[in-house]
Amino acid sequence: MHMKYISICAILFLTISIGCVTETHDKNEYSVNVTGLYEGTITLSQLKSMNSETFDAILVKSTGTEISGNYTGVRLIDILNELDITPDYISFLAKDDYMITLTKEEYYNGYLCYAEEGIQLTQETGGPIKLVIPDQPGKFWINWLKEIKLLDYSNALVVTGSTQVNIVLAPEDLARFQMKTIEAEFRGEMGTYTGVPLGAILDRARFLDDAESVEFVAADGYSIELTLEEAYSNEDIFISEDFRLIMSGYSSDFWVNDLRRIEVK
Amino acid sequence: MKSLKIYIFFIFLALIIATPGCSNQNNIDWTFYVIQGGSIDIYEFEDLYSMENSSIKEIWIDTEIRESLWEGPLVSKFGESRIVNYISEDFYLVSIPYREKVIACYKKNGSLLTEEDGGPLKIVSDPLYDCKCNWLKKLKIIEFIDVSKSLSIYGNVTSVIYLSGRDLNVFYSIQDVLDNTYNHATISQILSKPLPRESAETLILSYRDNREAIYKISDISDELVFYEDGEFNIPSLGIKGVTSIKVE
Numbered sequence: 001m002h003m004k005y006i007s008i009c010a011i012l013f014l015t016i017s018i019g020c021v022t023e024t025h026d027k028n029e030y031s032v033n034v035t036g037l038y039e040g041t042i043t044l045s046q047l048k049s050m051n052s053e054t055f056d057a058i059l060v061k062s063t064g065t066e067i068s069g070n071y072t073g074v075r076l077i078d079i080l081n082e083l084d085i086t087p088d089y090i091s092f093l094a095k096d097d098y099m100i101t102l103t104k105e106e107y108y109n110g111y112l113c114y115a116e117e118g119i120q121l122t123q124e125t126g127g128p129i130k131l132v133i134p135d136q137p138g139k140f141w142i143n144w145l146k147e148i149k150l151l152d153y154s155n156a157l158v159v160t161g162s163t164q165v166n167i168v169l170a171p172e173d174l175a176r177f178q179m180k181t182i183e184a185e186f187r188g189e190m191g192t193y194t195g196v197p198l199g200a201i202l203d204r205a206r207f208l209d210d211a212e213s214v215e216f217v218a219a220d221g222y223s224i225e226l227t228l229e230e231a232y233s234n235e236d237i238f239i240s241e242d243f244r245l246i247m248s249g250y251s252s253d254f255w256v257n258d259l260r261r262i263e264v265k
Numbered sequence: 001m002k003s004l005k006i007y008i009f010f011i012f013l014a015l016i017i018a019t020p021g022c023s024n025q026n027n028i029d030w031t032f033y034v035i036q037g038g039s040i041d042i043y044e045f046e047d048l049y050s051m052e053n054s055s056i057k058e059i060w061i062d063t064e065i066r067e068s069l070w071e072g073p074l075v076s077k078f079g080e081s082r083i084v085n086y087i088s089e090d091f092y093l094v095s096i097p098y099r100e101k102v103i104a105c106y107k108k109n110g111s112l113l114t115e116e117d118g119g120p121l122k123i124v125s126d127p128l129y130d131c132k133c134n135w136l137k138k139l140k141i142i143e144f145i146d147v148s149k150s151l152s153i154y155g156n157v158t159s160v161i162y163l164s165g166r167d168l169n170v171f172y173s174i175q176d177v178l179d180n181t182y183n184h185a186t187i188s189q190i191l192s193k194p195l196p197r198e199s200a201e202t203l204i205l206s207y208r209d210n211r212e213a214i215y216k217i218s219d220i221s222d223e224l225v226f227y228e229d230g231e232f233n234i235p236s237l238g239i240k241g242v243t244s245i246k247v248e
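One line per chain: the protein sequences are L and Y, in this order. For the first sequence, counting from 1, position 55 maps to 55 in my numbering; every step adds exactly one. For the second sequence, counting from 1, position 135 maps to 135 in my numbering; every step adds exactly one.
Hints listed in this document are in silico derivations from the structure and should not be mistaken for laboratory results. Some hints could be false.
[Claimed, not checked] Here are a few chain Y residues that face chain L, going by a calculated C-beta distance under 8 Å:
{"#": "1", "residue": "Asp-62"}
{"#": "2", "residue": "Pro-97"}
{"#": "3", "residue": "Leu-128"}
{"#": "4", "residue": "Thr-158"}
[Unchecked claim] The following residues of chain L were derived to be distant from chain Y, with all beta-carbon distances above 12 Å:
{"#": "5", "residue": "Phe-55"}
{"#": "6", "residue": "Ala-219"}
{"#": "7", "residue": "Asp-236"}
Virtual Cβ for every residue (Gly too), placed ideally from N, Cα, C.
Work the whole structure out from these sequences, hints included.
Shown next as structure tokens:
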């Protein structure tokens, strides 16, 4: 009778122990967070269990220097297909805070790599997971990949049109600019507003010489338009972290909520 | 009397030891130039010591995640324009919007920059802005450019750049940039700065009166671009007043 109890207790103990070990192992395993249009993670072992390819690619640095390498990884587009999402834009974030946002055309040939020259990537070699895009410049290859943010017009603010660079921002990305706080009046009441000056965003987008105006479009289609000169030079026009266009000194009609597109024309 | 001699000896010794240390910090032979409009201001390395410093924190990774603190005066202390160009001793050129936090950096973690750091003077931009490819080493020229008179190259390139007429000299020497010796460069020389991506094939030239002309890169890479009377012209193609080149 005692032996039965001892056996049951031992089995229970073993079961719980194995469960605990497995759970601890899962928590410690390196993973890349997927956010935005899909919420989840891709663990290193999941990545290794998928159909991988080994390929040669040349890293082209901004100085023009070329570095050849042999990589093993999984095509990003295959991972996205499994999630049934091919977003217009993806922001890739690294552990050192580096971030780059790519269009579908730019990220399409990318791989999430876990080995280089047949050797598993370590932190020292840019791993455990590294983004490699053979047909794109080195600045688009991301070491120490920690997050993939899937974006489109439904969850991001896109600055486009007569610009040299398209800017795509999730709300938290506004913190990557110098923020500003001002007191402003909205519908007769003074309030404190914090955000990014529009001029700073337009500077990153680098508007073209022939640009004349800027249209601000909300998620519900509501829009207003300003001349480029007015929009660029007024330091008190800015965008708050909840994607609200703060138009200090203007009537409430100019304050656009849920801003989704800034179109330079 | 003997003890006084010993004191004097030690003070003398201390001075000898301290002097090279001080002069080591003050006598770095590095001249750099700030260009705005037609004027060129000349700075010596020691001028940096009297300027107010700002700092930028960098996270970097090897076996561990580490931090470095880069220090130097904000570039905005030297001048103002929408876009600022930076040119290194070896003619690397980057264009960064003026509003971005950029420092003319000469210290890392409290010590002067080593050659390996990119010293004695380098550009450090906010890590949240673009990539560290903007961290130009061995800085020689800070140029506040007049965007309305510049030529921008963008599109299917590694980095968007703006060139002033003076910057056409960056293909020759730093002294030529300062003296504004040359007023021309070939299209292939110009494209070597923004570095077109592998898939780039075509150039769309935007020029005077909002007109456009489209060419294959290989067809016009040897053509000369001249800067004359405040405009970029390509006489061999009959094109005047080029404002931008879009690479596709």
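Legend entry - Least C-beta distance from Ala-219 of chain L to chain Y larger than 12 Å: At roughly 26 Å from the nearest Cβ of chain Y, Ala-219 of chain L sits farther out than 12 Å, so the non-interface label holds.
Legend entry - Restraint outcome when Thr-158 of chain Y is required to lie within 8 Å of chain L by C-beta distance: With Cβ-Cβ at 4 Å, under 8 Å, it holds.
Inset, instruction - Mind checking the CB of Pro-97 of chain Y against every CB in chain L and telling me if the closest is under 8 Å? - result: holds, 4 Å
Legend entry - Least C-beta distance between Asp-236 of chain L and chain Y, which was stated to exceed 12 Å: Per Cβ check, Asp-236 of chain L is outside 12 Å of chain Y; nearest 15 Å; holds.
Legend entry - Interface restraint verdict for Asp-62 of chain Y against chain L (beta-carbon cut-off 8 Å): With a minimum Cβ separation of about 6 Å from chain L (threshold 8 Å), the hint on Asp-62 of chain Y holds.
Legend entry - Residue hint Leu-128 of chain Y, partner chain L, criterion CB-CB below 8 Å: holds, 4 Å
Inset, instruction - Please confirm whether Phe-55 of chain L is truly not at the interface, meaning its C-beta sits more than 12 Å away from all C-beta atoms of chain Y. - result: Check passes; 15 Å lies beyond 12 Å.
When held up to the earlier numbered hints, the structure conflicts with none and fits them all.
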